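With these hints in hand, go ahead and build the complete structure from the sequences.
Chains as they are written, first to last, in my numbering: chain Y, 539 to 843; chain U, 539 to 843; chain V, 539 to 843; chain L, 539 to 843.
The reader is advised that the hints may include incorrect statements.
If several chains are the same, the list does not tell them apart, and a pair holds so long as it fits within one copy or across any two.
[To be verified] Listed below are the simulated SDA-like cross-link pairs for lysine to any residue, each with C-alpha atoms no more than 25 Å apart in a straight line: (1) Lys816 x Met666; (2) Lys823 x Ser611; (3) Lys639 x Met666; (4) Lys665 x Phe827; (5) Lys677 x Ala696; (6) Lys764 x Met595; (7) Lys677 x Gln697; (8) Lys665 x Lys816; (9) Lys665 x Asn754; (10) Lys636 x Lys714; (11) Lys714 x Thr741; (12) Lys677 x Ala650; (13) Lys677 x Pro613; (14) Lys636 x Asp817; (15) Lys730 x Tyr824; (16) Lys730 x His609.
It is worth saying that the hints were derived from the structure and are not from the lab.
Fair warning: this is a prediction, and the values are worked out from it, not measured in the lab.
Protein chains: 4
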Amino acid sequence: MLGSYRVRTDLALEARERFTEEHVEVRGVEVCEDYNEEKDIRTTVVKICTENGAKAMGRPQGNYITIEAPHLSIPDEDYHREVSEEVAHHLRQLVDLKNEKSILVVGLGNQAITADSLGPHVVENLKMTRHIIREYGLKGLGEEHMHRTSGIIPGVMAQTGMETSEIVEGIVSETKPDVVIAIDALAARSVKRLNRTIQITDTGIHPGSGVGNHRNGLTEENLQVKVIGIGVPTVVDAATIVHDSMAHLLDTLDEAEQKEFLEEMISPHLHSMFVTPKDVDETVKYLSFTISEGLNLAFSRVDEG
Amino acid sequence: MLGSYRVRTDLALEARERFTEEHVEVRGVEVCEDYNEEKDIRTTVVKICTENGAKAMGRPQGNYITIEAPHLSIPDEDYHREVSEEVAHHLRQLVDLKNEKSILVVGLGNQAITADSLGPHVVENLKMTRHIIREYGLKGLGEEHMHRTSGIIPGVMAQTGMETSEIVEGIVSETKPDVVIAIDALAARSVKRLNRTIQITDTGIHPGSGVGNHRNGLTEENLQVKVIGIGVPTVVDAATIVHDSMAHLLDTLDEAEQKEFLEEMISPHLHSMFVTPKDVDETVKYLSFTISEGLNLAFSRVDEG
Amino acid sequence: MLGSYRVRTDLALEARERFTEEHVEVRGVEVCEDYNEEKDIRTTVVKICTENGAKAMGRPQGNYITIEAPHLSIPDEDYHREVSEEVAHHLRQLVDLKNEKSILVVGLGNQAITADSLGPHVVENLKMTRHIIREYGLKGLGEEHMHRTSGIIPGVMAQTGMETSEIVEGIVSETKPDVVIAIDALAARSVKRLNRTIQITDTGIHPGSGVGNHRNGLTEENLQVKVIGIGVPTVVDAATIVHDSMAHLLDTLDEAEQKEFLEEMISPHLHSMFVTPKDVDETVKYLSFTISEGLNLAFSRVDEG
Amino acid sequence: MLGSYRVRTDLALEARERFTEEHVEVRGVEVCEDYNEEKDIRTTVVKICTENGAKAMGRPQGNYITIEAPHLSIPDEDYHREVSEEVAHHLRQLVDLKNEKSILVVGLGNQAITADSLGPHVVENLKMTRHIIREYGLKGLGEEHMHRTSGIIPGVMAQTGMETSEIVEGIVSETKPDVVIAIDALAARSVKRLNRTIQITDTGIHPGSGVGNHRNGLTEENLQVKVIGIGVPTVVDAATIVHDSMAHLLDTLDEAEQKEFLEEMISPHLHSMFVTPKDVDETVKYLSFTISEGLNLAFSRVDEG
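What follows is the structure, encoded as structure tokens:
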């Protein structure tokens with residue numbers, strides 16, 4: 539909105555909240571919230587069911603699960619375990635794990651930029667089994683049924699000279715997984731969500747999202763297999779901070795006045811800047827560990843039909 | 539400065555600008571600016587000469603040299619060389635290098651936080667000679683006269699359980715250098731200075747400055763040897779961004795109203811956040827290399843009297 | 539040879555030397571050596587021309603260029619530049635760069651094991667142009683003709699659950715490069731070659747070679763495009779050291795006696811060990827920089843027909 | 539000891555074994571071995587009680603505890619916990635922890651060389667309390683009695699231009715700890731001990747020991763406080779491997795013949811090489827974590843008198 543000062547968010551929850559603030563009900567969008575007081579974990583499922591809902595929300599039809607866990611950036615093993623289990627639970631809802639599946643996990647983002655290194659870290663922590671099963675069969679792992687996991691850290695375009703989607707499409711057509719899980723660091727609108735929110739969606743990863751602003755998306759449409767996107771907001775665009783701080787000042791202006799006001803106000807230097815907590819280096823490590831544990835849990839056993 | 543929303547800057551240049559904006563001349567403060575158009579490097583020397591000037595500027599008496607080099611975050615070797623030479627030139631003005639000196643370089647900050655890792659990186663890139671001269675004499679290095687350089691990366695209090703000043707005082711009293719050079723990442727007020735400004739001062743490092751907010755300072759008073767501080771702003775406090783964007787709105791309010799207004803406006807979540815450019819990981823590497831080259835140049839020869 | 543104590547080497551030069559020591563001329567193998575005294579760089583071209591030669595040498599028909607540069611592990615920029623140029627020169631002999639080519643560079647090996655991280659480091663240092671040309675055309679780079687470079691760090695099987703060859707095949711069939719350059723850390727037979735020898739071959743990468751013992755190879759046969767392999771020996775198997783030290787003792791024994799003798803002598807603990815110089819972490823950085831500069835030089839211009 | 543081919547070991551246990559092999563009893567040396575079969579941890583205490591014993595063993599009088607834990611390089615959390623407890627148990631024997639003590643942990647070695655980075659990693663994992671107690675008192679930590687822990691990673695001479703002992707002496711005289719714990723990576727004689735043996739001694743760290751060959755030692759004599767040394771062998775000198783493989787061949791020769799034989803046999807290139815397991819990067823991480831947990835356990839409570 540607001541011309542070039544469109545407030546950017548990769549979180550469906552934040553897109554939804556905009557409407558809540560404005561006391562608008564959105565047709566074609568179902569919201570279901572659950573708060574586990576004991577564990578202090580809040581889970582919101584936003585289901586965009588119609589074309590109309592998709593248009594209103596500015597994102598494709600599908601399920602968007604948001605896990606809000608305020609202590610996610612603190613090194614508390616028991617709490618992180620709870621969150622890993624919550625992640626595993628929702629993955630099992632979105633992916634049919636009743637039969638043995640082959641799962642490719644893609645760690646998006648740039649390892650050399652701390653705030654963008656979540657995806658690569660998650661893949662580093664994952665237990666891969668596909669090569670062991672191919673070599674020794676299930677007996678090699680002492681199991682009767684098992685999912686085959688594989689993973690790739692494709693790098694970003696400036697590092698590889700290739701679109702991430704080209705790399706992933708090539709690997710998918712060669713190794714033929716049943717489902718792709720793509721992990722990415724996201725941009726949020728509000729600093730209060732940074733590093734404490736996990737979004738899981740069955741709509742994949744869409745163009746222009748993520749900290750590093752990937753050009754192409756990873757979706758069922760271009761990969762021809764189901765794509766689950768898992769994201770954590772690790773940054774807020776610096777301009778957004780200024781915008782939001784001035785939000786109620788702006789309420790009294792019409793759209794043209796708002797635009798003029800903000801153009802004057804927001805320094806052009808701000809536009810390549812982002813806001814991040816001081817301890818982002820450490821936090822990204824915890825978070826990626828928690829998510830990879832969630833994946834390890836989800837894929838460690840074949841659900842019984 | 540607006541109660542608890544005091545705008546924080548570690549740069550004397552920015553403190554000075556405040557007065558310029560307000561068209562006030564500050565007694566006891568001399569300013570001398572030089573712009574090399576060909577090289578596109580601007581150097582400002584702020585000299586605080588009196589107690590009165592120190593009070594007005596909010597920092598101790600002494601010399602504050604600011605080198606503004608807009609292309610400092612771009613990998614252009616020739617440009618970085620020019621900046622290294624500018625750094626070396628000013629170091630030779632502040633430190634008497636006519637006789638052989640023993641120089642201890644201290645890399646302040648937290649290596650595990652990218653924006654705070656400038657000091658450690660500078661020390662990593664430095665050529666150390668003290669141990670070679672002690673072992674083999676100057677002949678070992680094929681020189682007649684030479685400065686002895688040594689360096690330490692003391693870590694931060696949460697990592698060591700000790701004040702940085704305790705560690706440095708201990709090493710200084712044991713190894714007795716003639717001068718200490720302390721390198722630190724700083725907080726600026728304006729995003730336009732991030733990673734393109736180098737401040738050199740003969741007043742040392744003062745309590746509460748730096749990205750990591752060190753508790754104690756490193757000054758001639760507590761170390762009993764001359765202390766040169768070299769800093770580069772790598773972050774802006776997130777709250778400052780909001781404050782500055784609203785600056786001219788605030789002009790119409792009195793101080794109490796301003797305070798009330800800002801307290802409402804600035805989210806408490808913002809206070810552990812900072813603003814940093816997306817490529818800070820890479821930029822800090824270039825910058826630390828340029829500064830360590832400046833030190834290597836300055837200390838590579840004994841100036842002839 | 540010697541049963542399970544077969545001395546392992548990934549260098550054609552060392553395979554050739556075995557015959558030299560034994561004063562045997564090998565049919566179907568041509569050797570051409572050139573020593574540049576001024577630069578202190580020795581280049582040996584081993585050309586395996588027949589099936590017979592391939593059998594005798596234990597490696598496929600093709601060209602094997604070995605650059606021996608004794609100062610390669612020392613940080614001397616001028617010397618490294620000479621070696622980069624030598625690498626570029628031989629690449630231009632093996633790959634037809636007269637027309638614009640699309641080149642995919644593959645950095646084999648495990649980034650988490652220093653001695654195996656050469657390939658990944660080379661790709662990190664490369665200038666990628668493919669995505670820029672695709673987006674802006676050649677004008678975007680201010681050139682009339684230009685090669686398109688891209689690169690991938692595929693990881694190793696334990697990290698990805700996939701054969702490296704599956705990943706590379708997928709990317710090759712998606713992005714259709716004209717040539718693949720695969721970089722790998724090798725095992726040598728002799729410690730005196732460690733980190734000072736570069737082997738370039740047009741036969742690709744073969745199964746079971748490399749520090750990490752990749753299972754499948756990367757060859758023209760399985761990728762359907764030309765594959766150049768570039769390798770640097772960074773380790774020697776620990777058992778080889780013992781074997782070679784005892785070589786002339788063994789000369790007096792027949793093969794069965796040798797086998798028995800060695801089985802007794804070489805501790806089973808040795809077999810997961812390798813020998814590496816103490817400064818391998820630093821050396822691998824220099825080496826990878828020199829090789830990536832060689833590639834950057836080779837691909838920076840389109841040779842005129 | 540074969541002239542210049544003196545077999546080097548930093549482990550008292552290995553020095554002792556030499557005598558065992560030669561069926562010699564050493565006067566002034568007491569040995570006490572304990573094997574916990576269930577846990578598969580063997581602990582040997584070598585006590586050098588007299589000047590004569592010290593001479594025979596080639597190391598100073600004092601206690602040398604060696605914990606041999608074969609699974610130490612495998613990621614088994616329960617097993618590592620057992621080893622951490624064993625480390626804590628022996629530390630409590632060597633250091634009087636009945637009253638509140640101030641403990642400085644020194645992480646020796648070079649972070650940039652994997653095999654030498656054990657000490658720095660241990661300090662990184664330690665819980666520091668000294669600064670919290672100084673700032674808030676014991677109530678700040680919710681305890682009645684507590685030890686004050688601090689730690690330093692001094693770097694190596696080539697990085698700092700200073701002897702490690704100068705840095706540590708300075709910090710000790712400034713912060714006055716009651717005891718210094720110095721952690722170091724060691725060289726072993728036998729590959730079978732690599733990364734599975736922990737040596738704890740109350741004689742400190744002696745000149746010329748360690749992977750990086752520190753020049754000066756850290757002992758009670760030069761620091762004026764008790765010094766505990768904790769070491770793990772992470773490398774074997776490459777020449778030692780060859781020597782030991784040929785040991786029984788050598789038995790038939792007299793000392794002069796042995797020397798001549800070995801001088802011929804051992805390549806001069808071997809002397810800057812070491813033998814290390816392929817997974818040393820990962821193993822050093824596990825090990826350092828286990829040792830730091832041992833220290834955390836030992837210092838987490840004040841023993842009741």
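To see whether the hints hold, each was checked on the structure:
1. Lys816 x Met666: between (33 Å within a copy, 20 Å between copies)
2. Lys823 x Ser611: both (9 Å within a copy, 23 Å between copies)
3. Lys639 x Met666: Intra 13 Å, inter 36 Å, cutoff 25 Å: intra-copy only.
4. Lys665 x Phe827: For Lys665 and Phe827, the Cα distance is within 25 Å both inside one copy (12 Å) and across copies (21 Å).
5. Lys677 x Ala696: Between. Shortest inter-copy distance 18 Å satisfies the 25 Å Cα cut-off; intra-copy 42 Å does not.
6. Lys764 x Met595: within (22 Å within a copy, 49 Å between copies)
7. Lys677 x Gln697: For Lys677 and Gln697, only the inter-copy Cα distance (21 Å) is at most 25 Å; the intra-copy one is 40 Å.
8. Lys665 x Lys816: between (30 Å within a copy, 20 Å between copies)
9. Lys665 x Asn754: This pair counts as between: shortest inter-copy Cα distance 22 Å, intra-copy 28 Å.
10. Lys636 x Lys714: Classified as within; 18 Å inside a copy, 37 Å across copies.
11. Lys714 x Thr741: So Lys714 and Thr741 pass the 25 Å test inside one copy only (19 Å; across, 29 Å).
12. Lys677 x Ala650: Result: close neither inside a copy nor across copies, 39 Å intra and 29 Å inter.
13. Lys677 x Pro613: So Lys677 and Pro613 pass the 25 Å test across copies only (22 Å; inside, 36 Å).
14. Lys636 x Asp817: Cα proximity of Lys636 and Asp817: none, with 40 Å in one copy and 36 Å across.
15. Lys730 x Tyr824: within (18 Å within a copy, 32 Å between copies)
16. Lys730 x His609: within (12 Å within a copy, 34 Å between copies)
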